[in-house]
Amino acid sequence: MKPTEPQAPYPNGSNPDGPAPEIRSELDALAPGLNAMLDRAATAPLPGTGAEEQKQLEAAILARIQVQEPKGLSGEGPLRPRNHIRHLRSWSAAVAVVAVVLFAGWYALDQAGQGPSTPNPDAAACQSFDCQLQRLDDQQLSALVHQVVWEAPDDALLEAAAAEVSWTMSAEVWQESADALLEDLTEEELGTLLNL
Amino acid sequence: MDDAQLLQFFRDPKTRQSAFKALLQQYQSRVYAHVYRMVGQAEDAADLTQEVFVRVWNKLDGFEGRSKLYTWIYRIATNEALAHLEKRRRHQPTALEESGLSRAPEPFASEDLDPEKIARYLQQAMDTLPPRQRQVFLLRYYEDMPYQDMAAVLETSEGALKATYHHAVQKIQKQLLAALARLD
Chain A
1 MKPTEPQAPY PNGSNPDGPA PEIRSELDAL APGLNAMLDR AATAPLPGTG AEEQKQLEAA
61 ILARIQVQEP KGLSGEGPLR PRNHIRHLRS WSAAVAVVAV VLFAGWYALD QAGQGPSTPN
121 PDAAACQSFD CQLQRLDDQQ LSALVHQVVW EAPDDALLEA AAAEVSWTMS AEVWQESADA
181 LLEDLTEEEL GTLLNL
Chain B
1 MDDAQLLQFF RDPKTRQSAF KALLQQYQSR VYAHVYRMVG QAEDAADLTQ EVFVRVWNKL
61 DGFEGRSKLY TWIYRIATNE ALAHLEKRRR HQPTALEESG LSRAPEPFAS EDLDPEKIAR
121 YLQQAMDTLP PRQRQVFLLR YYEDMPYQDM AAVLETSEGA LKATYHHAVQ KIQKQLLAAL
181 ARLD
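Here the protein sequences line up with chains A and B, keeping their order. Start counting the first sequence at 1; every next residue gets the next number (our numbering). Start counting the second sequence at 1; every next residue gets the next number (our numbering).
Everything labelled a hint here was simulated from the structure, so no lab data went into it. Any given hint might turn out to be false.
As the list claims (entries may be wrong) - Once the Cα atoms are required to be at most 27 Å apart in a straight line, the calculated DSSO-like pairs of lysine-lysine come out as: (1) B:K59 to B:K87; (2) A:K55 to B:K162; (3) A:K55 to B:K117; (4) B:K14 to A:K55; (5) A:K55 to B:K21.
Model the full structure from these sequences, guided by the hints.
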């Protein structure tokens, strides 16, 4: 087999000279000859890596974060068409998730003999995630779910929820920040919320 | 600009935007390339790269510097790509077959020495790997990532990573070296 000296630059990897010598040696030991093939493949530019395409991508990213910053929330902005569709889908599905969550909260409270208008006044007695979730008002809950949906979208789950529930909520409610509510949530708790 | 300077500028509202632009210039093309190799489609890779950097923008204030910045960003990128692959698998279980990505690469003829064709065959070979093997191969070979760093990114042991890398390489070798032998 051919020696494993780099035959071409690796413009799309972290190291423009290609893999480090120890990684090339390791690959030689595992698969003699593969280095040469990968070197040759590396001379072909990856689709979408042209200067103009990357410039457009950078502009799209900057547009999203610049629009997003004043609201401190959901990355709304001049999305590219496919993202726009995804955004709308997540939006409508998120509404459905809120409905599911609200129903679960109401049902749990009802089973416990409490009404939602009389939340547990003793915060110390309500330390668990599930308990705290039930104490959220509509705005808090919707903001929380909005944030969760944006940060950890799960289209399959949300679409399934959307198929089950039809529900609407004013746009203003969605603008409420959920940052404070999210501060103490673990990933497990977020997962719990998404799986309610 | 090193990571510490970049973070310092990012946390100052006056220099936040310019710091983020510097971060993009430093990492955008690498993240895109990584994501592209994970998902194998340029348009999806561009969308996912957007998502990655929006997340970076949102979360960078909370970055505690326990890992290198690029390790942290690559972790986000890898998770985004894996989530995308899982979604694609759930929503379009036959899409890979329809697109031909699940087929073994066609045998190489001598005229297939064209690097673009080889790159395409390589991408097809990588697309046949399970996502975990694919990401380990990409991080190791293209990102020069030490096993120790990979273990932090992927939350597993170095031994498991070495085994995974070995399996990934063997599968790629199986599909590509037969063709290479014919070329020789």
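Satisfaction of hint between K21 of chain B and K55 of chain A, Cα-Cα up to 27 Å: holds (11 Å)
Pairwise hint evaluation, K55 of chain A against K14 of chain B, where the allowed Cα distance is 27 Å at most: holds (24 Å)
Pairwise hint evaluation, K162 of chain B against K55 of chain A, where the allowed Cα distance is 27 Å at most: Violated, at roughly 36 Å.
Hinted pair K55 of chain A and K117 of chain B, Cα distance within 27 Å: Holds: K55 of chain A and K117 of chain B sit about 26 Å apart, inside 27 Å.
Restraint check for K59 of chain B with K87 of chain B, where alpha carbons must lie at most 27 Å apart: Since the Cα atoms of K59 of chain B and K87 of chain B sit roughly 23 Å apart, the hinted pair holds (cutoff 27 Å).
Checked against the numbered hints above, the structure violates only hint 2.
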